Amino acid sequence: MPHIPLPEQLPGITGLLEYRLDTAAPIRELTQILLRGESTLSQGERELIAALVSSRNCTNFCEAAHTKAADILLGDDETARAVKHDIETAPISEKMKALLQIAAFTQKNGREVTPEAITRAHEAGATDREIHDTVLIAALFCLYNKYVDGLATVAPTNPAFYQTLGERITGRGYVRPPGGYPVPTS
Amino acid sequence: MPHITLPDGVPGIRSLVMYRPDTGQHLYDLAQALLRAGSPDSTLTDAERELIAAFVSKQNQTNFCMNSHAAASRYLYADQRDVVDQTLVDPATAPISEKLKALLAIASHVQADARTVSDDLVAAARAEGATDGDIHDTVLIAASFCMYNRYVDGLATLTPTDPAAYDAMGERMGTLGYQLPKVKANDTASPTTHLS
Numbered sequence: 001m002p003h004i005p006l007p008e009q010l011p012g013i014t015g016l017l018e019y020r021l022d023t024a025a026p027i028r029e030l031t032q033i034l035l036r037g038e039s040t041l042s043q044g045e046r047e048l049i050a051a052l053v054s055s056r057n058c059t060n061f062c063e064a065a066h067t068k069a070a071d072i073l074l075g076d077d078e079t080a081r082a083v084k085h086d087i088e089t090a091p092i093s094e095k096m097k098a099l100l101q102i103a104a105f106t107q108k109n110g111r112e113v114t115p116e117a118i119t120r121a122h123e124a125g126a127t128d129r130e131i132h133d134t135v136l137i138a139a140l141f142c143l144y145n146k147y148v149d150g151l152a153t154v155a156p157t158n159p160a161f162y163q164t165l166g167e168r169i170t171g172r173g174y175v176r177p178p179g180g181y182p183v184p185t186s
Numbered sequence: 001m002p003h004i005t006l007p008d009g010v011p012g013i014r015s016l017v018m019y020r021p022d023t024g025q026h027l028y029d030l031a032q033a034l035l036r037a038g039s040p041d042s043t044l045t046d047a048e049r050e051l052i053a054a055f056v057s058k059q060n061q062t063n064f065c066m067n068s069h070a071a072a073s074r075y076l077y078a079d080q081r082d083v084v085d086q087t088l089v090d091p092a093t094a095p096i097s098e099k100l101k102a103l104l105a106i107a108s109h110v111q112a113d114a115r116t117v118s119d120d121l122v123a124a125a126r127a128e129g130a131t132d133g134d135i136h137d138t139v140l141i142a143a144s145f146c147m148y149n150r151y152v153d154g155l156a157t158l159t160p161t162d163p164a165a166y167d168a169m170g171e172r173m174g175t176l177g178y179q180l181p182k183v184k185a186n187d188t189a190s191p192t193t194h195l196s
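As they're listed, the protein sequences go chains D and E.
For the first sequence, position 95 matches number 95 in this note's numbering, and the numbering has no gaps at all.
For the second sequence, position 92 matches number 92 in this note's numbering, and the numbering has no gaps at all.
Treat the hints loosely; a few may be bogus.
Claimed, not checked - Some chain D residues judged to face chain E by a derived CB distance under 8 Å, without partners named:
1) E18
2) Y19
3) I27
4) I33
5) L34
6) A139
7) L143
8) L151
9) A155
10) T157
11) F161
Don't read these hints as lab results, they were simulated from the structure.
For clarity, every value in this text was computed on a predicted model and none was experimentally measured.
Think of the CB as a built atom: it goes at the ideal place given N, C-alpha and C, for glycine as much as any other residue.
My request is simple: use the sequences and hints to build the entire structure.
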């Protein structure tokens with residue numbers, strides 16, 4: 001049960017983002033820019049970063065949601081699974097492996113990101129901007145994961161829930177729907 | 001040296017929001033909402049919010065954020081400024097309320113592993129008068145500083161070692177709050193002129 005009263009029909013992050021709208025707005029905007037804005041990383045690649053970090057933080061809600069988003073965007077349900085299991089053997093480019101390792105270091109603590117990890121990414125063709133965005137996406141998901149877990153929000157266990165959520169965040173994105181989330185009347 | 005090419009001589013988060021202002025704007029807006037406003041029922045002062053930010057940054061060993069938010073908290077505590085350093089050394093013996101101690105314990109668990117924020121920790125905070133909004137805001141401040149700290153450290157930004165640099169930052173944060181640095185068009189080569 002959540003540590004504070006949250007709307008039962010809005011599990012995970014959604015109820016929290018409705019609890020305090022003035023903090024939710026910049027968090028949503030930041031996520032929309034980082035994961036859906038213009039970038040030389042594909043949206044699917046950026047969702048892999050989110051899924052990996054959420055998996056390392058053991059935040060089931062975020063891991064399931066962003067794994068599903070990555071699956072939808074990449075068109076397969078193997079890549080995200082493989083990345084979470086072992087970055088080095090996953091079927092992704094050397095550049096993505098290097099960036100995901102930077103994300104994994106960032107998840108532990110920012111000071112863990114080594115010059116060697118950065119050099120590897122640069123040598124694999126990653127730009128400063130891609131490295132910047134990787135670190136910020138990883139850091140942002142540490143915020144989300146800790147917010148979701150720290151207030152003990154509910155993570156639905158029904159896979160259909162995450163299918164719907166994955167379709168929503170790959171379709172509409174991370175912006176708040178106009179009018180919010182009215183309580184169902186039926 | 002920073003891991004990517006950032007504005008020369010500009011410290012910490014400031015160099016990052018100048019590097020990418022479109023994300024920086026929302027990062028500063030979030031800090032402003034978290035540290036200069038609260039949930040409607042929250043009892044936390046701005047000085048206490050800054051103290052939670054400094055405390056979490058210390059646990060993450062992010063010296064830039066710890067020093068700058070400690071300085072902001074000292075500025076806001078004014079004649080009670082000594083509580084900031086006493087709390088950062090040991091919250092248990094610091095002259096702060098039992099409520100704030102209980103909230104700092106929650107923040108500490110969020111920093112280490114948020115799944116360990118137990119019903120007992122939350123109940124202890126409520127027993128000392130913490131409201132839902134206090135608990136929410138404490139968790140979100142702690143989680144947000146786990147983001148800011150990782151962003152600042154993960155890109156190895158410049159961390160000033162002169163304490164006087166942080167006094168100036170603390171006063172600016174305490175008076176102006178969190179405003180994006182103004183960078184004039186075609187003037188990115190000398191960003192240090194816009195530091196204050």
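Structure-based check of each hint:
1. E18: This interface hint is violated because 12 Å lies over the 8 Å limit.
2. Y19: The hint holds - Y19(D) has a Cβ within 8 Å of chain E, the shortest such distance being about 6 Å.
3. I27: 6 Å, holds
4. I33: Holds. Min distance 6 Å.
5. L34: Status holds, d = 6 Å.
6. A139: 4 Å, holds
7. L143: This interface hint holds because 4 Å falls under the 8 Å limit.
8. L151: 5 Å, holds
9. A155: 11 Å, violated
10. T157: 17 Å, violated
11. F161: Since chain E brings no Cβ nearer than about 20 Å to F161(D), farther than 8 Å, the hint is violated.
Violation of the numbered hints given earlier is confined to hints 1, 9, 10 and 11; the remaining hints are satisfied by the structure.
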